[in-house]
Amino acid sequence: MTPVLQAKGLTKRYGRVVAINGSDLELYPGEILAVIGDNGAGKSSLIKALSGALVPDEGEIYLDGRQVHFRTPMDARAAGIETVYQTLAVAPGLDIADNLFLGREQRKPGPLGSVFRMLDRGRMRSEAKRHMSELGVATLQNIGQPVESLSGGQRQAVAVARSAAFGSKVVILDEPTAALGVKEGNRVLQLIRDVRDRGLPVILISHNMPHVFEVADRIHIQRLGRRATVITPKSHSMSEAVAIMTGAAEPPPEPV
Amino acid sequence: MATTATADFDVRKNDSLGLRVQHILHANPVLGPLAVLVVAIIAFSIVNGRFLTATNLSLVLQQVTVIATLALGQTLIILTAGIDLSAGAIAVFSSILTATFCVDAGMPGIVALLLGFACGTAMGAINGFLVTRLKLPPFIVTLGTLTIFFSLNSVVSNSETVRGTDMPSLMTWTGNSIPIGNFRLTYGSIIMLLLFAYFFYALSRTAWGKHVYATGDDAEAARLAGIQTGRVLFSVYTVAGLLYAIGGWILIGRLASASPNVGVEYNLDSITAVVLGGTSLFGGRGSVIGTLIGALIVGVFRNGLQLGGVEVVWQGFAIGLLVLVAVSLDQWIRKVKT
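So the sequences go chain by chain: E and L. The first sequence lines up with residues 1 to 256 when you count with the UniProt record's numbering. The second sequence lines up with residues 1 to 338 when you count with the UniProt record's numbering.
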């Protein structure tokens, strides 16, 4: 099976500091791949390279087997890779529908749209509602509600729904449960499964081991700027994963 | 995503009156300024019977037209969490340039006017360039350009006023009016109201408007969402420059002359109108309707206090108090619990 997204030997240096040092990554269709690693292991640099937020010094990235070169996040987006950043790229003052379509607004057909540049609010709202309910978050009654009036988990749901609605190949989620309570965190985990079950593979970056072991199909362990190994929640326990991550245990020689 | 969570956003019965008011104002930020305006109008008409006459009200509208036009440009900038101290300077300098083009250079009125608009737009673009490219804080940028534009203004005009009668009639056309009974609606006011209508539409119904709000709300989030925030900011400062130049044209009609010595107070008055209108200085929140109301509040207060026999110095005092109340209110509304 060809990976949907594959990275080979990615390297990024900042002066003498090496953020990632020949890191590989494979994401296969229909899976949730968790990326874990200690602080400074190069998780976020690796993810940034995949989402176009940084340009690696060396290495290649392949999407559906074809090599791609991302210079900006927009390039990655255009290629079908959607990223939900930890800082949640939502505009709190705008409503849910506006946020879902932020930067991708749809205009009315005909001269109203082309000449007067009028937005098609009706269509954006109904589509926003559909996207939200497809992911089982239809409980948000009012799609015209400003995002700042939502709870942390609901905001996360808006951001995830946006990535699922527009991502055609890959969805990358950076610490989606970090700022949430137990209940909301579990809802977001379910949301991540829903995204995968709709056929979109997910890369999940998380520090939360229980969450990783609950949803991940495979776990990529990043250590010292490169991939130490790939395990599965079935093959290894949480404490073994942490031991590999921190260098207390030798990684298994062959990636799963 | 707690299925029950939506209920939390409804105003609960056991909320105190203050909390409920806070929620309502948070959802409808224009209500506060509108209430102030209505109360002020009622109060002043009780104090002095002449206040609520058509003649006086048309005077109020004429007095606020220039400030309202400048405040419209100022609103766009403040919505992006910026500030423009050079608004009045650009308006006055544009009006002086326009007058110079037609009087000294002998250009036809329409050419001089369009060239004047182009100069105002260019001045706005300079602000926009400095803010977006050199990444300087808007306050510092416009503090600098304010001083530069005023000094160039004195150089070009030799600090002399150009009389309206020396200019083509197009220059002072904005001061002409259509009588509606005793109410005199100037063409300048009509232009101003049309501009407000247009920007109300542009901010609430176009992608550009959404991007202006998103950029002001959280520039980094807007950028990550794929908005080219630099271009949004540049467009806002440039459009504001054009609006100030149009304000300068309306100013010529209002004064029946182009004077380099007016407009110092316009810089801050335009900010006052925006703030009184409920637009937040922290960006991302507010509306042009609020700004129009804010400008009218300033006009109504000045006029009403005048009619009530309050000295000019105390009028400024009252406006200043109003601003402080408006900003405190904004802070309080922002702390709304979600």
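Think of the hints as simulated: they come from the structure by calculation, not from any bench. Computed from a prediction, not measured in an experiment: that's the story for all the values here. Backbone N, C-alpha and C define an ideal beta-carbon position, used for all residues, glycine too. Keep in mind that the hints are not guaranteed to be accurate.
[Unchecked claim] Computed from the model, here is a short list of chain E residues facing chain L with C-beta under 7 Å:
hint: 1; residue: Gly113
hint: 2; residue: Val115
hint: 3; residue: Met118
hint: 4; residue: Arg130
[To be verified] Here are some, though not all, of the chain L residues that point toward chain E, as calculated from beta-carbon distances under 10 Å:
hint: 5; residue: Ala54
hint: 6; residue: Asn56
hint: 7; residue: Ala105
hint: 8; residue: Gly283
[What the hints assert, rightly or not] Label-pair restraints from in silico Cβ distances:
hint: 9; chain 1: L; residue 1: Phe282; chain 2: E; residue 2: Ser126; range: 30 to 40 Å
hint: 10; chain 1: E; residue 1: Ser126; chain 2: L; residue 2: Ser45; range: 40 to 50 Å
hint: 11; chain 1: L; residue 1: Glu311; chain 2: E; residue 2: Gly144; range: 45 to 55 Å
hint: 12; chain 1: L; residue 1: Leu324; chain 2: E; residue 2: Val68; range: 38 to 48 Å
hint: 13; chain 1: L; residue 1: Tyr201; chain 2: E; residue 2: Asp75; range: 49 to 59 Å
hint: 14; chain 1: L; residue 1: Val325; chain 2: E; residue 2: Met238; range: 51 to 61 Å
hint: 15; chain 1: L; residue 1: Arg231; chain 2: E; residue 2: Leu112; range: 46 to 56 Å
hint: 16; chain 1: L; residue 1: Val325; chain 2: E; residue 2: Gly30; range: 54 to 64 Å
hint: 17; chain 1: E; residue 1: Leu112; chain 2: L; residue 2: Arg334; range: 29 to 39 Å
field: Those earlier numbered hints the structure runs against, lowest number first
entry: Hints 1, 2, 4, 5, 6, 7, 12, 13, 15 not satisfied by this model.
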